[in-house]
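**Q** Residue numbers (the working numbering), protein chains in the order written: chain A, 1073 to 1445; chain B, 591 to 942.
Quick caveat, the hints were computed from the structure, so don't treat them as lab data.
Just so it is clear, the structure is predicted and the values come from calculations on it, not from any experiment.
Please note that a few of the clues may not be correct.
Where chain A lies over chain B, by a calculated footprint (3+ residues, C-beta under 8 Å) [stated by the list, open to error]:
#1 668-681
#2 707-719
#3 821-830
#4 877-888
Part of the chain B face toward chain A, derived, beta carbon under 8 Å [as the list claims (entries may be wrong)]:
#5 PRO609
#6 GLU648
#7 SER656
#8 LEU737
#9 GLU760
#10 SER762
#11 GLY764
#12 ALA863
#13 VAL864
#14 LEU867
#15 GLY868
#16 VAL870
#17 TRP902
Heads up, simulated DMTMM-like pairs for lysine to aspartate or glutamate below, C-alpha to C-alpha not over 25 Å straight-line [as the list claims (entries may be wrong)]:
#18 LYS623(B) with GLU612(B)
#19 LYS903(B) with ASP1300(A)
#20 LYS1113(A) with GLU1285(A)
#21 LYS1091(A) with GLU612(B)
#22 LYS1091(A) with ASP820(B)
#23 LYS1091(A) with ASP1308(A)
#24 LYS1091(A) with GLU745(B)
#25 LYS1091(A) with GLU648(B)
#26 LYS903(B) with GLU877(B)
#27 LYS808(B) with GLU612(B)
#28 LYS808(B) with GLU1285(A)
#29 LYS903(B) with GLU917(B)
#30 LYS735(B) with GLU752(B)
#31 LYS633(B) with ASP820(B)
#32 LYS1091(A) with GLU930(B)
#33 LYS683(B) with GLU648(B)
#34 LYS1091(A) with GLU643(B)
#35 LYS918(B) with GLU643(B)
#36 LYS623(B) with ASP1255(A)
Glycine included, every Cβ here is placed at the ideal spot set by N, Cα and C.
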Amino acid sequence: MIEEVESTPAVVTKRGPIKVSRDRSKRGERQAGEAPYLLVKDLVVEFPTADGTVRAVQGLSYSLSLGRTLAIVGESGSGKSVSSMAIMGLHDPKSTRISGSIRLGEREIVNMPQESMRKHRGAGAAMIFQDPQSSLHPYFTIGNQIVEAYRAHHNVSKRAARERAVDMLGRVGIPHPRRRLDDYPHQFSGGMRQRAMIAMSLVNDPKLLIADEPTTALDVTVQAQILDLIVDLQQDFGSAVLFITHDLGVVAELADDVLVMYAGRAVEYGTVNDVLGKPLHPYTWGLLESIPAVSGDPARLHPIPGTPPSLLALPTGCSFHPRCEFRTRVPRDLCRQDLPDLEPRTADTGRMSRCHLREPDRVFETDILPRLP
Amino acid sequence: MTTTALASPQAEAVQSTAPLLEVKDLVMHFKVKGDGLLGGSAKVQAVDGVSFELREGETLGLVGESGCGKTTTGRLITRLLVPTAGQIRFMGKDIAPLKERELRPYRRELQLIFQDPYSSLNPRHTVGTIVGTALRTHNIVPKDKVLSRVQELLEVVGLNPEHYNRYPHEFSGGQRQRVGIARALAVQPKVIVADEPVSALDVSIQAQVMNLLEDLRKEFGIAFVFIAHDLGVVRHFCDRVAVMYLGKIVEMGPRNAIYEAPQHPYTQALLSAVPDLGVVRGVPPRERIRLVGDVPSPINPPSGCRFRTRCWKAEEICATTEPPLEEKAPAQRAACHFAEPPELSIIAELPS
Chain A
1073 MIEEVESTPA
1083 VVTKRGPIKV
1093 SRDRSKRGER
1103 QAGEAPYLLV
1113 KDLVVEFPTA
1123 DGTVRAVQGL
1133 SYSLSLGRTL
1143 AIVGESGSGK
1153 SVSSMAIMGL
1163 HDPKSTRISG
1173 SIRLGEREIV
1183 NMPQESMRKH
1193 RGAGAAMIFQ
1203 DPQSSLHPYF
1213 TIGNQIVEAY
1223 RAHHNVSKRA
1233 ARERAVDMLG
1243 RVGIPHPRRR
1253 LDDYPHQFSG
1263 GMRQRAMIAM
1273 SLVNDPKLLI
1283 ADEPTTALDV
1293 TVQAQILDLI
1303 VDLQQDFGSA
1313 VLFITHDLGV
1323 VAELADDVLV
1333 MYAGRAVEYG
1343 TVNDVLGKPL
1353 HPYTWGLLES
1363 IPAVSGDPAR
1373 LHPIPGTPPS
1383 LLALPTGCSF
1393 HPRCEFRTRV
1403 PRDLCRQDLP
1413 DLEPRTADTG
1423 RMSRCHLREP
1433 DRVFETDILP
1443 RLP
Chain B
591 MTTTALASPQ
601 AEAVQSTAPL
611 LEVKDLVMHF
621 KVKGDGLLGG
631 SAKVQAVDGV
641 SFELREGETL
651 GLVGESGCGK
661 TTTGRLITRL
671 LVPTAGQIRF
681 MGKDIAPLKE
691 RELRPYRREL
701 QLIFQDPYSS
711 LNPRHTVGTI
721 VGTALRTHNI
731 VPKDKVLSRV
741 QELLEVVGLN
751 PEHYNRYPHE
761 FSGGQRQRVG
771 IARALAVQPK
781 VIVADEPVSA
791 LDVSIQAQVM
801 NLLEDLRKEF
811 GIAFVFIAHD
821 LGVVRHFCDR
831 VAVMYLGKIV
841 EMGPRNAIYE
851 APQHPYTQAL
861 LSAVPDLGVV
871 RGVPPRERIR
881 LVGDVPSPIN
891 PPSGCRFRTR
901 CWKAEEICAT
911 TEPPLEEKAP
921 AQRAACHFAE
931 PPELSIIAEL
941 PS
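Please construct the entire structure, taking both the sequences and the accompanying hints into account.
**A** This is the structure we're talking about:
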């Protein structure tokens, strides 16, 4: 351990901590308005089971351009992971019904044959999972696994692939990459394993990186290291990042845009400052009110009542209406009868919300105002 | 719930000025197989000299990263583990060396809520049996009153009292955690050790359970040892906070002091690493302190200060002399040779 500190003397300064700026504006401008690389349209993912059809994702549409980070947030069962696994073609076609369209660059992913899917995985899109312990093979060395991933897409010698692996491990901040290359996963700590996973996923220069709760299993100081790494690497590689998480604090620091999902549907979409700063959907507002923060007033939390619905039997109308505190403000019991559309709420910023409530921000403001700094 | 049914240990209880629970130099070393061919034995120093006190109705948060010894500390206080050394004075009596039979009256006063609502409830028992067993074991109510008390308890924790004959799998994660809380409450404890009680729950459900715990604390005056890795959750719930690193408390003090003016470099780094929503709400962004490397192994911890291998302030003395946990500000103690409050840029100022 002492060795590790000595190995990176350049960053250990005497009597001063290493500071990382959290000011988003300092990270350099990202190009917006480019043609989207990932285009998801009317995506439906269903699992037929003995108890009925589990409607995991229903009519999901969004787009993501190169160089940008989209965070998909939601609680367990909201469909955030299921929809991103569809992009990687990881659902078993025998037990899953997928319809709609997922376009990645020029290619259509939905119903793509397995053989082409293998080519697309890794090079077109790559994924980092929550648990680095179970997503690395315990039987093979780290280097072995990275080399294999690289050679699956590049016709190069083992030696050249090993060089590439050393290079990648170095770039994700593993000290002495050449020496660590022949270590097994159990010889790495949790944070190091996640770094190795990231190295493996980026080895083929994917244009889209899907990170599914990549830091949930990590301690907070290690989480900070990994988040910084993802931000840095995205700037180097210029890839699009799809970040799946339930942690709104992580979203606030890392994402450009946010998509909030509830019970398989998108309920709100917009830039991170808009969605988390001025939510338009009661569910987003409820999530924000439920979080015990490390700054600001430690006031009593305002939880969302009830529990998420079963995906086997969704409520009529708006799926959120049984838990919604604002449905009485909508006339004619509309929330229980009609599913609202995901509609644009502002002309220019692409802000969208799926709610019958008019002027929701004004309605929330009366409750939320005392808590804002 | 009434407090009339409380039995013997309370009679011995000392005046309210003395702490309810006083932990002194608590040590827990686990034996493991060592390195090498002959594999001599090594010791995991999970908890190494932890001392704190807890007053009646108070909430103390134990925070730290995985492997810091916070869970082991919780299991020692509730005597699910026998400490290697040290004292656990509870209501005036050292319960560390007690045998199982002698412990029983104290068990009733010291309850535990577990992290995982799935594995901590017996899947083959109804919630009525789960909650009722505690009532029967300690003879809290006459046999014919057990059911009605179970229903009362279910209602207190926000469950439908008619559901006493259901099995754990029929409940959601949040509801199961409520069952676990009802079980702990059944014996009217003085102290509840809550080990990551909300970390397995979704955000919206987590807030419901947090509010429930807060209501119960106010209503029944139960003292809590609240173990969590989520610094936001701890800030929300606790009067006092102890920060642990590699088996030791590195800093301890009143909640606001710890969060606003942490003295120990580790506390400062830990707090600055938490992703904060404030950014989108217009709070000026703070700088984050990036720690290098990983937590060292508790089998062979660094000499002197255990944090020195990752500390930017470390000097010669840190390797040779272990810093004592000393008062650095009123009621705030830190174990660091170079403790000082952070520069203003690191911790955002709080609204008054």
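**Q** Taking the hints in turn, state whether each one holds.
**A** Evaluation of the provided hints:
Three residues within the 8 Å Cβ limit are the bar, and the stretch 668-681 of chain B against chain A gives 0, so the coverage statement is violated. Three residues within the 8 Å Cβ limit are the bar, and the stretch 707-719 of chain B against chain A gives 0, so the coverage statement is violated. For a cut-off of 8 Å, the count of residues in the stretch 821-830 of chain B with a CB near a CB of chain A stands at 6, and the three-residue condition holds. Only residues whose C-beta sits within less than 8 Å of a C-beta in chain A count toward coverage, and the stretch 877-888 of chain B has 11 of them, enough to reach three; the restraint holds.
Interface restraint check for PRO609(B): the shortest CB-CB distance to chain A comes to about 24 Å, outside 8 Å, so the restraint is violated. For GLU648(B), the interface hint is violated, since its Cβ never comes within 8 Å of a Cβ in chain A; the closest pair sits about 16 Å apart. A cut of 8 Å between beta carbons decides the hint on SER656(B): the least distance to chain A is about 6 Å, and the hint holds. Taking 8 Å as the C-beta cut-off, the interface hint given for LEU737(B) is violated, the closest approach to chain A being about 26 Å.
At a threshold of 8 Å, the smallest CB-CB gap from GLU760(B) to chain A is about 13 Å, leaving the interface hint violated. Hint on SER762(B) holds. Least Cβ distance to chain A is approximately 5 Å, under the 8 Å limit. Given the 8 Å rule on beta carbons, the hint for GLY764(B) holds: about 7 Å separates it from the nearest Cβ of chain A. For ALA863(B), the interface hint holds, since its Cβ comes within 8 Å of a Cβ in chain A; the closest pair sits about 4 Å apart.
The closest approach between the C-beta of VAL864(B) and any C-beta of chain A is roughly 5 Å, which is under the 8 Å cut-off, so the hint is satisfied. The interface hint given for LEU867(B) holds, since its Cβ lies 5 Å from the closest Cβ of chain A, which is under the 8 Å cut-off. Interface hint status for GLY868(B): upheld, as the beta-carbon distance to the closest one in chain A is roughly 5 Å, under 8 Å. For VAL870(B), the interface hint holds, since its Cβ comes within 8 Å of a Cβ in chain A; the closest pair sits about 4 Å apart.
Among the interface hints, the one on TRP902(B) holds; its C-beta lies about 5 Å from the nearest C-beta in chain A, closer than the 8 Å criterion. Of the pairs offered as hints, the one joining LYS623(B) and GLU612(B) is violated, with about 33 Å between alpha carbons and a cut-off of 25 Å exceeded. At most 25 Å may separate the alpha-carbon atoms for a hinted pair to count; LYS903(B) and ASP1300(A) meet this at roughly 23 Å. Between LYS1113(A) and GLU1285(A), the direct Cα distance comes to roughly 23 Å. Compliance with the 25 Å bound is thereby established for this hinted pair.
Straight-line distance between C-alpha atoms of LYS1091(A) and GLU612(B) comes to about 38 Å, which puts the hinted pair past the 25 Å bound. A distance of roughly 22 Å separates the Cα atoms of LYS1091(A) and ASP820(B); the hinted pair therefore holds under the 25 Å criterion. Restraint check for LYS1091(A) and ASP1308(A): the C-alpha separation of about 20 Å stays at or below 25 Å, so the hint holds. For the hint pairing LYS1091(A) with GLU745(B), the CA-to-CA distance comes to about 49 Å; that exceeds 25 Å, so the pair is violated.
For the hint linking LYS1091(A) to GLU648(B), the alpha-carbon distance of about 36 Å lies beyond 25 Å, and the restraint is violated. For the given pair, LYS903(B) sits about 17 Å from GLU877(B) by alpha-carbon distance, which is consistent with the 25 Å threshold. Taking the CA atoms of LYS808(B) and GLU612(B), the gap is about 22 Å. The hint holds against a cut of 25 Å. For the suggested pair LYS808(B) and GLU1285(A), the alpha carbons sit about 36 Å apart, so the restraint of at most 25 Å is broken.
Proposed proximity of LYS903(B) and GLU917(B) is supported: the alpha carbons are some 19 Å apart, at most 25 Å. Restraint check for LYS735(B) and GLU752(B): satisfied, since their Cα atoms lie roughly 16 Å apart, inside the 25 Å limit. Between LYS633(B) and ASP820(B) the alpha-carbon distance is near 28 Å, which puts this suggested pair outside the 25 Å criterion. Straight-line distance between C-alpha atoms of LYS1091(A) and GLU930(B) comes to about 17 Å, which keeps the hinted pair within the 25 Å bound.
With a C-alpha separation of about 19 Å, the suggested pair LYS683(B) and GLU648(B) falls inside the 25 Å cut-off, and the hint holds. Annotation: proposed proximity of LYS1091(A) to GLU643(B) is violated, straight-line Cα distance about 35 Å (limit 25 Å). Between LYS918(B) and GLU643(B), the direct Cα distance comes to roughly 18 Å. Compliance with the 25 Å bound is thereby established for this hinted pair. A hinted pair counts as satisfied when its Cα atoms are at most 25 Å apart, and LYS623(B) with ASP1255(A) qualifies at roughly 22 Å.
Consistency note: the structure conflicts with the earlier hints numbered 1, 2, 5, 6, 8, 9, 18, 21, 24, 25, 28, 31, 34.
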